[in-house]
Every structure is written in C-alpha cells, then in structure tokens.
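**Q** Sequence:
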Amino acid sequence: MSAVEKPGSGEGQRRSPYFTEEHEALRDQVRRFVEAEIKPHALQWEEDGFVPREVLRKMGALGFFGIRYPAEYGGSEMDTLATVVLAEELGRSTFSGVAITALVHTDMASVHIANAGSQVQKDKHLSDIIAGEKIVAVAVTEPDAGSDVKGIRTTARREGDHYVLNGAKMFITNGVHADLYCVAAKTDPQARPSQSVSIFLVEKGTPGFSVSRALDKHGWRSSDTAELVFEDCRIPAENLLGQEGRGFYAIMSNFQNERTVIGAMAIGEAQAAIDLTLDYVKTRKAFGAPLWEKQAIRQKLAMMASKVEAGRQLVYHAAWLDTQGFDATREVSMVKAYCGELVNEVMYACLQFHGGMGYMRESTIERMTRDARVQSIGGGATEVMLEEVAKRL
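Heads up, the sequence shown is in this note's numbering, so the first residue is 3 and it goes up one at a time.
Derived from the structure by calculation, the hints contain no laboratory data. Any given hint might turn out to be false.
[Unchecked claim] Lysine to aspartate or glutamate pairs mimicking DMTMM-like chemistry, simulated, CA-CA at most 20 angstroms apart:
#1 Lys219 with Asp281
#2 Lys302 with Glu246
#3 Lys219 with Asp50
#4 Lys296 with Asp281
#5 Lys124 with Glu205
#6 Lys41 with Glu56
[Said to hold, decoys possible] Cβ pair distances, simulated, as ranges:
#7 Arg300 with Ser212: 28 to 38 angstroms
#8 Leu280 with Ala383: 28 to 38 angstroms
#9 Pro191 with Glu49: 42 to 52 angstroms
Note that the structure is a prediction, hence the values are computed from the model and not measured. Even for Gly, the Cβ is constructed at its ideal location relative to N, Cα and C.
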C-alpha cells in the first residue's frame with residue numbers, strides 16, 4: 003500500500019509526497035495547540051493588540067520556534083517544508099495576527115542571527131529565542147523604503163568600538179514588545195547600493211533607541227506593530243551581524259523564505275475561510291432552502307476550493323525545491339503573488355456568502371477579511387513579485 007495515501011486515512015496520515023511522518027506529526031501538534039491555546043483566547047488578544055508572552059513561551063516549549071535551528075540550542079533541525087506546515091496551520095487558526103507574531107519571530111527576524119551571527123551572538127541569544135524567552139523583530143522597512151532595500155536611509159557610523167545608528171523604521175511587526183531587533187542600516191553611503199547596507203543587533207533598552215509609537219492597523223490586530231526611532235543610538239561593534247556591507251544580500255536571501263511562509267499562511271487562511279463558509283451555507287436558509295442548494299454558490303465554492311488546492315501545491319513544490327537546494331526564486335515569487343491575491347479573492351466571496359452577518363464585527367469572516375488584505379502587500383507587493391516572475395520568464 004502506498005504511503006502517499008492510505009484508505010481510511012485520517013488527518014494525521016500522509017496524503018502528500020512532499021511530507022514525512024515527522025512533518026505530519028508536527029502538523030497535528032500545531033493544530034492541537036491552535037484549538038486549545040489560540041482559538042479560545044485570541045479575541046481578547048485582538049483587543050489588547052498583542053499576543054501574551056506566556057503563550058509565546060508555550061510555543062517555544064513545544065518546539066515551534068526552533069524548527070530549523072540547531073539541536074545544540076534546542077532546535078529540531080527540520081526543513082523548509084516543516085516551516086510551511088507551521089505557517090499553514092497557524093494561518094488556519096483564523097487569527098492571522100497571532101500567526102504573524104510567531105512567524106516573524108521564527109522566519110523573518112531570528113533567521114538573521116542563525117544565518118549570520120557569530121558564535122558568541124548565537125550562544126548569547128539562540129536558546130532564549132527558541133524557548134520564546136526573547137522575541138525578535140526585523141527592522142528593514144522605512145517610510146520611504148520597503149521592498150526597495152537599497153533605498154533605506156537609516157545610517158550606522160563607526161566610532162571606535164561602537165556604531166552609532168540614526169534613522170527611523172516603519173511597520174515593524176513585534177516592534178512594541180520585542181526584546182531584540184535585527185536592524186538594517188547603511189554603513190557606507192558612498193558604496194554601491196547593494197554593498198552599503200549592514201545588519202545590527204539592537205537590544206531593547208539601548209539608549210537612543212525607542213518605540214516612537216504603536217501603529218493602529220486595519221487587520222492583524224493581535225500583532226503589535228511599531229514605528230522605531232534611532233537617535234545617536236550607540237551599540238558595540240560586535241553587534242554587527244555578519245560582515246559589514248553584506249546586509250542587502252542577507253535580506254534578499256531571506257526574502258525567499260519569508261515569501262514562502264506568507265504564501266503558506268495565506269493558504270491556511272483561505273482554507274479556513276472556505277471551511278467555515280461551507281458550514282454556514284449548509285445551515286443558513288434563504289427562499290425556503292439552505293444556501294448550499296443554490297448552484298451559483300456551490301460552484302463558486304467549488305472553484306475557490308480548486309484554486310486553493312492549486313495554490314497549496316505550488317507552495318509545497320516551491321518549499322520542496324528549496325529543500326533540494328534548487329534556486330526557487332521564480333516559484334517563490336509566484337507563490338507570493340498568487341497566494342496573496344487568492345486569499346483576498348476567497349475572503350471577498352466568503353464574506354459575500356455570509357450576507358449581512360459577514361459585515362458584523364462579531365463574525366469570524368469579517369476579521370479574516372481584514373487580516374487577509376495585507377497578504378498582497380507585506381513581504382513584497384504583488385506588483386513587485388510579478389516583476390520578479392517576469393524577469394525569469
């Protein structure tokens with residue numbers, strides 16, 4: 003009997019050639035955590051504007067924050083596909099603010115320490131990062147620079163055994179409550195743009211560094227987001243991550259991982275929206291029969307389910323290519339463009355099928371629709387991604 007699909011297989015059985023039993027065990031564990039620890043409480047976190055630290059510590063204790071990291075620091079040394087499992091299942095929670103809080107920590111911020119950190123930096127921080135004792139943010143985006151990393155204006159000037167940072171960062175996820183920040187700054191404004199940027203570790207409480215304001219967002223409301231300011235912020239020279247002038251390449255390299263993660267998260271969100279909408283239309287009656295009896299609604303949901311399945315396989319394939327060591331820039335750019343747009347298409351239709359209830363703040367689909375809007379923006383806007391695809395056609 004094939005291990006790909008077994009008759010009578012339940013949720014925990016493998017149904018994909020991409021995943022091992024270890025991957026599926028992780029999926030089951032994340033799904034149980036979502037049901038027990040996120041769904042019953044996350045509406046309060048939406049009001050509070052952040053995920054409580056004790057919840058993040060629980061995620062750390064279960065190994066969710068160390069999936070790709072070395073065992074010596076408490077990690078599991080798994081692969082890109084395992085990260086996809088985590089992101090997809092957190093996306094299915096229906097609370098994307100919680101999902102992005104965790105995923106920025108694991109796959110967009112702390113990766114810079116794992117990839118480029120010195121032995122001293124790793125020894126100092128990685129165990130606490132994996133345990134959820136230290137939460138990490140990445141500070142690249144500025145008011146005038148997002149995907150255009152070369153356009154950042156924050157500077158880091160070398161003065162003896164220190165660097166002095168000046169500038170501002172915008173839209174920084176985990177920015178209010180993080181303990182550690184990976185900050186991109188220009189160390190040599192006269193150098194070629196691709197060789198002018200470096201990354202630095204800045205700890206909360208460092209003089210000259212402040213959270214100027216928490217940002218009030220359209221969605222992802224359980225995720226804290228901030229504007230950061232650096233005013234003659236002095237940090238030790240050993241806080242440089244990797245080599246001076248190599249920050250642009252580190253950021254661009256990890257964009258592939260970030261975009262894969264966001265694509266997987268978006269697919270999880272879209273699947274959850276379809277699931278809850280199916281439940282709704284099969285019980286909500288109109289004109290004497292459940293909405294499910296309307297051919298237009300059945301066929302629309304069937305087509306959306308087909309598109310989501312196609313997107314899921316695209317995400318899985320791009321992640322598999324990465325695990326095999328192939329350059330998957332084209333496929334990952336497709337993932338980010340396709341899934342970011344698709345999740346919004348799904349949410350629009352699912353809210354429509356909920357009718358007036360879909361427009362009420364008390365409905366899950368209303369929150370999910372707001373949360374999904376940023377998926378075609380953050381991590382590389384659709385238009386930017388399509389240009390990356392076009393270059394490789």
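**Q** Take the hints in turn and mark each one as holding or not.
**A** Status of each hint after checking the structure:
1. Lys219 with Asp281: This hinted pair is violated, its Cα atoms lying about 29 angstroms apart.
2. Lys302 with Glu246: violated, 52 angstroms
3. Lys219 with Asp50: The hint holds at about 13 angstroms.
4. Lys296 with Asp281: Roughly 14 angstroms between the alpha carbons, so the hint for Lys296 and Asp281 holds.
5. Lys124 with Glu205: Holds, because 14 angstroms separates the two Cα atoms, which is no more than 20 angstroms.
6. Lys41 with Glu56: Given that 20 angstroms is the threshold and the Cα spacing comes to 15 angstroms, the pair holds.
7. Arg300 with Ser212: 28 to 38 angstroms: This hint is violated: roughly 54 angstroms between Cβ atoms.
8. Leu280 with Ala383: 28 to 38 angstroms: holds, 31 angstroms
9. Pro191 with Glu49: 42 to 52 angstroms: Since the Cβ atoms of Pro191 and Glu49 sit about 43 angstroms apart, the hinted range of 42 to 52 angstroms holds.
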